[in-house]
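Colleague: Chain residues, written in single-letter form:
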Amino acid sequence: EDQVTQSPEALRLQEGESSSLNCSYTVSGLRGLFWYRQDPGKGPEFLFTLYSAGEEKEKERLKATLTKKESFLHITAPKPEDSATYLCAGHSGGGADGLTFGKGTHLIIQP
Amino acid sequence: DAGITQSPRHKVTETGTPVTLRCHQTENHRYMYWYRQDPGHGLRLIHYSYGVKDTDKGEVSDGYSVSRSKTEDFLLTLESATSSQTSVYFCAMSRTDYNEQFFGPGTRLTVL
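Each protein sequence line maps, in turn, to chains A and B.
If you number the first sequence the way the numbering used here does, the last residue is 92 and the count never jumps.
If you number the second sequence the way the numbering used here does, the last residue is 163 and the count never jumps.
In silico lysine to aspartate or glutamate, EDC-like type, Cα no more than 16 Å apart, as pairs:
id, chain 1, residue 1, chain 2, residue 2
1, A, K38, B, E151
2, A, K23, B, D89
3, A, K50, A, E36
4, A, K38, A, E51
5, A, K49, A, E36
6, A, K50, A, E37
7, B, K108, B, D148
8, A, K49, A, E37
9, A, K84, B, D89
Some residues of chain A that are not near chain B, with every Cβ distance over 10 Å (derived):
id, residue
10, S(-12)
11, L(-6)
12, G(-3)
13, E36
A few chain B residues facing chain A, derived, Cβ under 10 Å:
id, residue
14, Y86
15, F154
16, P156
What the hints contain is simulated information worked out from the structure, not anything from laboratory work.
Quick reminder that beta carbons are idealized off the backbone N, C-alpha and C, glycines included.
Just chain B, with the same shape it has in the complex:
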C-alpha cells in the first residue's frame, strides 16, 4: 500500500546485535501491527498498537519490543537478535480493530 512504508527493506546482522525496524504510515490510521512470515507458517502477529504509546503483545512476542511515539511511526526492536528471528517482517495498519489491514512491502532480515 502506497500509504505505508518500511525501512530498511533488507538487513543482514549478526547474532546478539540489536536491530530496529521502522514502519511509517501517512493515512492517520489508529491501529498498527507487526507480523512475521516464515515458510510453512501463515503470517503471525508479533505486537500491535491501538494508539500512541498503547501497545500489546501478539502470538509470537518473545524477543521483540515495540514503541509508538507518533501516530505515523511504529518501531519493532530485536534487543539481541537470534538466528530464529531470521524472517520477513511486515507492518500493517487499519482504521479500526475490525477493518481490513493494509500491509507494507516488508523487511527481509537475516541473522547470521
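Isolated chain A, as found in the complex:
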C-alpha cells in the first residue's frame, strides 16, 4: 500500500531561522513527488513537482529535493508569511492510485 509520511507534524520557527520539512514515501513506481502549500480555509496551492532522485527545485525561500526514499522542503530565512500547512503527495501512476497525500506539516513563523 502506498504511504506518504510527513514530519514533523508541527514546527514553530523564529523569523529568519532556516529549517527543513521531511516527506518519506513508499509509493510503488513513483512517477512524481508533489509539494503544496495550504493556508487556513483555502485549497492547496501547487509549489513543486520532482520526478527523479537528485532533482532540486527552488522558489523564493523554498527549495525541494528528492532522494529515492524521501523528499525535503528546505525553508531558508523564513518570514511570517511562510506560515502555512505544507503537504507532500506521491504519484504512482494514473487513475485511482494517482495521488497519495501525507497529513502535512503545520509551520508557524514567529516575528
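Fit chain B to the given chain A structure using the hints.
Modeller: Using the frame of chain A, we list chain B on its own:
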C-alpha cells in the same frame, strides 16, 4: 487556482437529504478529481474523471456518485447525506494523469 471554482462554498444539510456539489474549470483540463479533507487524515480521493462521461472510483467512494457531462463541470452527489460525510471537499484538475493537480477553494459541508 483562479481557473477552478466550487459551489456552494458552505452548506449545512440534514441527514438523509441529497446534496450536490459543483466544480467548474475554465482551463479545458481533461482530468478532474474530488477529494475530502478531514482532521487527522490527508486528502483522500473520492472519485475522478478522465474525460466527459468517463469516471472511476477512488479510495473513499462509498456513498458518493459523480457525473461529468461537459469538460468544464464535475458534479459530486451525496445521495443520502450522513454525519460521517461532514467534511471539506476539494475539487482538482490536471492536464494529464501524471501532471500536478490544481485545486479549487473547497466546500465546507456540515451534515446534522
